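Engineer: Chain residues, written in single-letter form:
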Amino acid sequence: MTAAPAARPAAGTGAGPGPAAAAPRRPLPGRDALLGVAGGAAFLLVWEAVPRTPAVSADHLPPASEVLATLAARSATGAFWSAVGATVSAWALGLAIAFAAAVALGLAIGSVPALRAATASTVEFLRPIPSVALIPLAILMYGSDLRSTLLLVVYASFWQIYIQVLYGVADLDPVAEQTARAYGLGRWARLRHLVWPTALPYLLTGVRLGAAVALILTITAQLTIGTPGLGQEISVAQSSGAAPLVYALIVATGLLGVAVNTGVRAVERRLLRWHSSVRGEAAV
Amino acid sequence: MLDVDGLRKTYSGRGREVEAVRDLTFRLGEGELACLVGPSGCGKTTLLKCVSGLMRPTAGTVALDGRPVTGPPPDMAVVFQEYGRSLFPWLTVRGNVELPLKEKRLPKARRRELVDGALEAVGLAHAGARHPWELSGGMQQRVAIARAIAYEPRVLLMDEPFAAVDAQTRADLEDLIRGLWKRFSMTVLFVTHDIDEAVYLGQRVIVLSASPTVVQDDVRVDLPDERDQLTTRSAPRFAELRAQVYREIQTAKNGGGPSGADGAGTGGAEADGAADPDDPEADKGTGGADGPERTPTTTGGPR
Ligand SMILES: Nc1ncnc2c1ncn2[C@@H]1O[C@H](COP(=O)(O)OP(=O)(O)O)[C@@H](O)[C@H]1O
Ligand SMILES: [Mg+2]
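Protein sequences appear in the order of chains A and B.
Position 230 of the first sequence, counting from 1, maps to 230 under my numbering, and the rest follow consecutively.
Position 185 of the second sequence, counting from 1, maps to 185 under my numbering, and the rest follow consecutively.
Honestly, the hints are just simulated from the structure, not real lab data.
This one's a predicted model, so the numbers in the text were calculated from it and none came from an experiment.
Cβ atoms here follow ideal geometry from the backbone N, Cα and C, with glycine treated the same way.
Be aware that one or more of the hints could be misleading.
In silico contact screen, one side only, chain B against chain A (beta carbon under 7 Å); selected entries [what the hints assert, rightly or not]:
hint : residue
1    : Ser52
2    : Leu54
3    : Thr58
4    : Val78
5    : Glu103
The task is simple: from the sequences and hints, build the whole structure.
Structural biologist: Structure follows, in structure tokens:
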């Protein structure tokens, strides 16, 4: 609390070319990290202790040590990693398809107000449909093929990204637009040099949300449809009654989620160094 | 070389019609530096957008070298009042200045030459690698000016470019504009609501009336070509010209203009020409919103 103001003037003079340094953004990053570690440790302790009390049976909730040991043992097997690989590749492929479609459609429809207005009601109808409601449809169409997973993943993450791209395109500053036109930038050049950078912060938010949803749907599809991957492993472990393994695999999916989120945030910070949410200095 | 003839612009939208500019006719000669002065909300920005081909006039024509302007002409550059929004924050200062040149498909070496020259001319040679948001307001406006210069325009349009900077910076920028105008021999149309600034900068001051907007007067500024913030501004002739322009604006406001002027109390501050940068947005919407659409005084402004 006392050292906080010291970080500010250094950023204010703005000498360095890389203003996105982590230091000035949080008052005391060391302290936060410390609290995070302490909180995590406390959580593990509670998890370790609770199954040893009569309140919860260790059959339903194995202690943390056992789960982590199972995870460690499991992660030494090739089967585990091929399951991780299958999950990650289905996730990545689905997200990539959703991304490409959402960006192309979002830029095209967002740039034409009439088109945007005409499609708004349809979007508002389609968007809230929970992807899991499409599971029977996916099975009907593709069986337990990878494509049924992709259908769910793409449907879920597409809307997250698409809506953000629409917001981003709508955020175009009319003064910037007029500047671009006055200086001879044609339609394509404006899209590339103006609309795209304007929409980028929104797009990346969409990707972050879409990536999380895509992971959820990947696991869901593998669990329910039985396409290969971590989800399917969980359902196999469950039917063989191996509670510690079920927990271990759940923890693995959680770690995957954390990795995805961290990765997207890192990309965001890199690409948006110029953006006020990232540059983090008090500009005059 | 730049002809504005019978220009009229009526905004229509949401069932309302706003007559921003009624009837403007004037002409700029090659290499001239003309200032256009008028109260906030009288349609200066509207006029500039029509002249730069960004907006279609409702009636009348704009012609550059005899050719009608239907879109942004390649040899015309614009400096906007909102410099902060006119510069792209994701590009560096260099990137901002260079982008239009890339679109012109100039070779790399030539681009570098132009960007260096322009940044040098506005005194920002050292700041090329920085981002606009790392600079002060005055510096940002100089980047916008550098972008315009590098574009090698024959006509430079400026829309109240210094309304939002402090008085000292403003004086520096005024001198910068006169310097650049001489050095690059462009035709400059400089829009302002500040009478002092108009008289100090221009060879000529075109006075617009309050809404409904017509050309109220066209004053030749016969001050010596070498101008200086101290001596020019304290010269008796400067005071006379300033008073003349001031009177014209007053006349326009007090019934000198056509009927229907609703005389909203906007004029005082800017007509006084003090260096206070009042917010031009503040007066929006006070103009003849429900103005008498059927009384088009087709007589042009007194020329
Ligand atoms: N896009 C628009 N739609 C409707 N009215 C507008 C629009 N832009 C400007 N106006 C109106 O036109 C008039 C002139 O505006 P403007 O050209 O910005 O004046 P100035 O630049 O002289 O301050 C004002 O009354 C303003 O409210
Ligand atoms: Mg204006």
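Engineer: Go through the numbered hints given earlier and state which of them the structure violates, listing their numbers in rising order.
Structural biologist: 3
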